[in-house]
Amino acid sequence: MPQLDVSTFLPQVVWLVITFVTLFLIMWKVAGPRVGNTLETRQRRISGNLDKAAGFKKEAEAVLEAYERAMNEARAEAGQVIAKAGAELSEKVSRREAELAKRLTAEIAESETRIEKAVSDAINDIGQVAVEAAGQVVRKLTGEDADEGAVGAAVDQAMKTRP
Amino acid sequence: MDRGVTATPVRTKEIDKVAEAHSPLAQFEIKRLVPIQIGDLDASFTNSALFMVFTVVLVTIFLVLGMRRNALVPGRWQSMAELSYIFIANMVRDTAGPEGRRFFPFIFTLFMFVLVGNMLGMVPYGFAYTSHIIVTFSIALIIFIGVTVVGFAKHGIRFFGFFLPPGTPLLMAPLAVPIEIISYLSRPVSLSVRLFANMLAGHTLIKVFAGFIVSMGVFGFVPFAFVFALTGLELLIAFLQAYVFTVLTCLYLHDALHMH
Amino acid sequence: MSAESPPEPDLEDLDSRLKQARDNIRGPFEKKEGNEPLRSAVGLAFRVTVELVSALAVGLGIGWVLDEWLGTRPWLMILFILLGGAAGMLNVYRLAMSSGGSRGNGDTGKDQGNR
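Protein chains in written order, with my numbering: chain F, 1 to 163; chain U, 1 to 260; chain P, 1 to 115.
Since the hints were derived computationally from the structure, they do not count as laboratory data. Being a predicted model, the structure only gives us computed values, none of them experimental. Only true hints are included.
What follows is a list of derived Cβ distance ranges for each label pair: (1) P:93 - F:13: 29 to 37 Å; (2) P:41 - U:152: 33 to 41 Å; (3) U:160 - P:93: 17 to 25 Å; (4) F:52 - U:79: 23 to 31 Å; (5) U:217 - P:61: 44 to 52 Å; (6) P:69 - U:153: 25 to 33 Å.
Listed below are the simulated DSSO-like cross-link pairs for lysine-lysine, each with C-alpha atoms no more than 30 Å apart in a straight line: (7) U:207 - U:31; (8) P:19 - F:57; (9) F:52 - P:19; (10) U:154 - F:29; (11) P:19 - F:58; (12) F:102 - F:84.
The beta carbon of each residue, even a glycine, is placed where N, CA and C say it ideally should be.
Can you make the complete structure from the sequences, with help from the hints?
Okay, here's the thing in structure tokens:
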């Protein structure tokens with residue numbers, strides 16, 4: 001069996017030590033760190049990306065919250081605006097109505113006084129006309145001018161007796 | 001007369017070579033490719049050494065060139081290089097504990113050296129240096145000495161307590177301590193013998209069946225199928241043995257770091 | 001307008017997905033993984049044999065060296081073969097315990113044998 005040939009032991013051990021130490025040095029100083037660095041870089045990169053993703057997620061949540069809050073605020077504001085507008089409108093309407101009513105009442109009152117004045121004017125005029133008419137009637141009948149004072153008094157008297 | 005004396009051993013050597021070429025053990029033969037003699041030290045460059053150099057080159061290419069693009073999203077080659085790294089890193093962490101991380105380069109080297117050594121025996125004209133007990137034993141011895149040094153460096157004189165398991169009655173100590181010491185010393189032996197025996201058995205078996213292919217001619221396809229299946233099994237075993245070798249090393253490291 | 005609107009990107013769902021992704025990228029020295037190495041009866045038998053023979057061999061070697069040194073051949077060798085046998089039994093016992101899942105002071109359950 002070649003394995004038991006003692007004379008081959010020494011050269012095998014010598015080269016075993018040489019090659020093993022060489023490989024160990026390569027592994028230790030070159031190959032190992034190279035692979036290790038790549039793995040570490042990748043891990044760092046991925047976990048960095050995951051951190052970033054988590055950050056984005058948080059941001060998205062914040063944005064969503066802000067959006068919802070803004071939405072609610074806007075809704076509330078809109079409600080307020082609508083209510084306010086409604087109130088304003090109804091106030092304006094009632095104010096206008098009141099104005100109109102006031103104006104109408106005033107106009108009515110004015111017309112009434114005007115009518116009253118017209119009526120009283122008319123009545124006065126009627127008295128005047130009646131006096132003149134009565135004077136003419138008297139002149140036509142009697143041929144002479146009637147006493148103006150007496151006619152006036154008679155007309156007044158007649159008008160007073162009538163309702 | 002002179003010629004006769006010199007010619008005979010040459011001739012027998014030739015015959016031996018021919019005979020050994022068919023022997024399933026011929027594949028394990030050590031050939032001195034470049035004889036090197038440093039003083040009394042025989043440091044000849046053998047076929048075993050050649051394949052060890054192959055291993056260094058292959059592993060370096062696999063890892064260094066595999067990572068040359070250093071891509072964030074790895075290709076297939078880089079994935080494999082990373083996977084081997086992660087595999088051993090997990091093993092070190094799970095088996096030796098977090099403190100074992102310092103020894104990761106050594107464990108990684110060990111795994112690669114043994115794994116590629118085992119695999120190289122599968123390649124045609126390949127040579128598995130791990131099928132030589134001297135190689136596996138030397139590696140196991142390095143591990144054994146290293147682990148013992150780590151144990152003493154970490155625990156000082158208390159590491160001797162390793163040989164007296166807690167709960168042993170003091171009366172039993174004269175018996176228990178030698179047994180524990182022998183048990184401890186048997187670690188490099190069992191570690192190296194297991195790897196060596198697996199590689200020897202597996203590669204011999206394949207060679208035996210491969211020999212059948214030639215001798216059976218047309219019907220050689222039956223052993224061929226067998227060799228094919230066996231080669232698959234051997235690849236698995238080559239991996240498993242490298243794994244076991246490395247895991248046990250991690251385990252010994254764990255024992256040295258944490259004692260009981 | 002259309003009946004099928006694209007699924008709403010749910011922020012809760014995103015949260016769980018982010019967590020999952022984070023669990024997946026732990027470093028090589030932190031990753032948790034639970035695969036049990038396969039074990040075969042033949043492998044175990046082989047390991048038992050190796051453990052026994054190794055301890056016996058070590059015992060024999062120590063005994064032989066001590067005998068050479070102290071000139072007590074063959075007594076220490078016999079003694080240490082017996083001790084080696086006991087150590088082998090201890091190794092096998094620990095192997096069996098580790099296979100059973102509990103932990104001796106030597107090998108734990110991580111190892112496995114093949115052939």
